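Visitor: Sequence:
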Amino acid sequence: MDKTELTALLEQVASGTLSPADAALKLKMRPIEEIGDYAKVDLHRGIRQGVPEVIYGAGKTKEHILGIARAMLENGQKTVLITRLTPEAAEFVSASLPLRYDPLSKTGVIGELPTPTGKGRVVVATGGTSDIPVAEEAAVTAEVLGNEVVRLYDVGVSGIHRLLSHMDDIMSARVIVAVAGMEGALPSVIGGLADCPVIAVPTSVGYGASLGGIAALLSMLNSCASGVSVVNIDNGFGAGYMASMINHLD
Numbered sequence: 086m087d088k089t090e091l092t093a094l095l096e097q098v099a100s101g102t103l104s105p106a107d108a109a110l111k112l113k114m115r116p117i118e119e120i121g122d123y124a125k126v127d128l129h130r131g132i133r134q135g136v137p138e139v140i141y142g143a144g145k146t147k148e149h150i151l152g153i154a155r156a157m158l159e160n161g162q163k164t165v166l167i168t169r170l171t172p173e174a175a176e177f178v179s180a181s182l183p184l185r186y187d188p189l190s191k192t193g194v195i196g197e198l199p200t201p202t203g204k205g206r207v208v209v210a211t212g213g214t215s216d217i218p219v220a221e222e223a224a225v226t227a228e229v230l231g232n233e234v235v236r237l238y239d240v241g242v243s244g245i246h247r248l249l250s251h252m253d254d255i256m257s258a259r260v261i262v263a264v265a266g267m268e269g270a271l272p273s274v275i276g277g278l279a280d281c282p283v284i285a286v287p288t289s290v291g292y293g294a295s296l297g298g299i300a301a302l303l304s305m306l307n308s309c310a311s312g313v314s315v316v317n318i319d320n321g322f323g324a325g326y327m328a329s330m331i332n333h334l335d
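For the sequence shown, our numbering gives the first residue as 86, with consecutive numbering after it.
Errors might be hidden in some of the hints.
Straight-line alpha carbon distances no greater than 27 Å define the calculated DSSO-like cross-link-like pairs of lysine-lysine that follow [as the list claims (entries may be wrong)]: (1) Lys147 / Lys163; (2) Lys125 / Lys145; (3) Lys145 / Lys163; (4) Lys125 / Lys147; (5) Lys163 / Lys204; (6) Lys147 / Lys204.
Label pairs and their calculated CB-CB ranges [unchecked claim]: (7) Glu176 / Ile299: 50 to 58 Å; (8) Val235 / Thr89: 17 to 25 Å; (9) Val98 / Gly161: 40 to 48 Å; (10) Cys309 / Met256: 18 to 26 Å; (11) Ala310 / Ser181: 30 to 38 Å; (12) Val98 / Leu182: 27 to 35 Å; (13) Gly312 / Val235: 29 to 37 Å.
No lab work stands behind these hints, which were simulated from the structure alone. No experiment lies behind these values; they were computed from the predicted model shown. Even glycine gets a Cβ: it sits at the ideal position worked out from N, Cα and C.
With the sequences and hints as input, model every part of the structure.
Guide: If you want it as structure tokens, here you go:
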């Protein structure tokens, strides 16, 4: 249950269409589900934060991922997002659950994508094609969290006309995720064009002196464009999550 479902439940009680006893029964689910000795699934995160728990697949065995996902579904979670999911683990999980796997972003989704409830559109832009895996992690995350996403890929500063030809998308966005490696200039350019928050995502794409994304990270942190915030290197999930939070603000 998330905040929206909780509010709807309380409104039913207030209108008399649901008895307090029945509402109390729905709220009696345990705050956590302990699975063996390897996981404690946070079942109340949706109520506290508005977004249910997401499974971070890296470092987990395929059996652990399956067990956690199954516990979420059995406790009423409609859509489960798994990030950093290996092809081997995806194949294992999909044998038991209806998993849709994207090998590019290494994300897996169980359940249907929700109808968008965000106030506007989230634009996800990349400097180059090599940045798309990180951008797709952000885009899929935003879609799972109930947002309409517009993708603008390969619109980097080495051919700035590619970005400028999409000014209608830039100016109509409610929040923009700008993903770039190399020197990380794209968020600064977009930040100077857009009237909405820009979330910069440095990627580890680049030649030796890019230092695995540190050069792009420092460029983004030193951006002279106002309204640009920065997440960690290759953290598409964090950017997509933050974009969703902004897009759901009243």
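Visitor: Please go over all the hints and tell whether each is borne out by the structure.
Guide: Hint check results:
Between the alpha carbons of Lys147 and Lys163 the distance comes to roughly 21 Å, so the proposed pair stays at or under 27 Å and holds. Between Lys125 and Lys145, the direct Cα distance comes to roughly 14 Å. Compliance with the 27 Å bound is thereby established for this hinted pair. Using a Cα cut-off of 27 Å, the hinted pair Lys145 and Lys163 holds, with the two alpha carbons roughly 22 Å apart. Taken as a hint, the Lys125 and Lys147 pair is honoured in the structure, with Cα atoms around 16 Å apart against an allowance of 27 Å.
Between Lys163 and Lys204 the CA atoms are separated by roughly 22 Å; this keeps the pair inside 27 Å, and the hint holds. Distance restraint check for Lys147 and Lys204: the Cα-Cα separation of roughly 36 Å exceeds the 27 Å cut-off, and the hinted pair is therefore not satisfied. The beta-carbon spacing between Glu176 and Ile299, approximately 34 Å, falls outside the hinted interval of 50 to 58 Å. Under the hint 17 to 25 Å, the C-beta atoms of Val235 and Thr89, about 24 Å apart, fit the expected range.
For Val98 and Gly161, the Cβ-Cβ distance of about 18 Å falls outside the hinted range of 40 to 48 Å, so the restraint is violated. Separation of Cys309 from Met256 is about 20 Å and conforms to the stated range, judged on CB atoms against 18 to 26 Å. Our hint of 30 to 38 Å for Ala310 and Ser181 is violated, since their Cβ atoms are close to 47 Å apart. Between Val98 and Leu182 the beta carbons are some 33 Å apart, a value that agrees with the proposed interval 27 to 35 Å.
For the hinted restraint 29 to 37 Å between Gly312 and Val235, the CB-CB distance of approximately 19 Å leaves it violated.
In terms of the numbered hints stated before, the structure departs from hints 6, 7, 9, 11 and 13, listed from lowest to highest.
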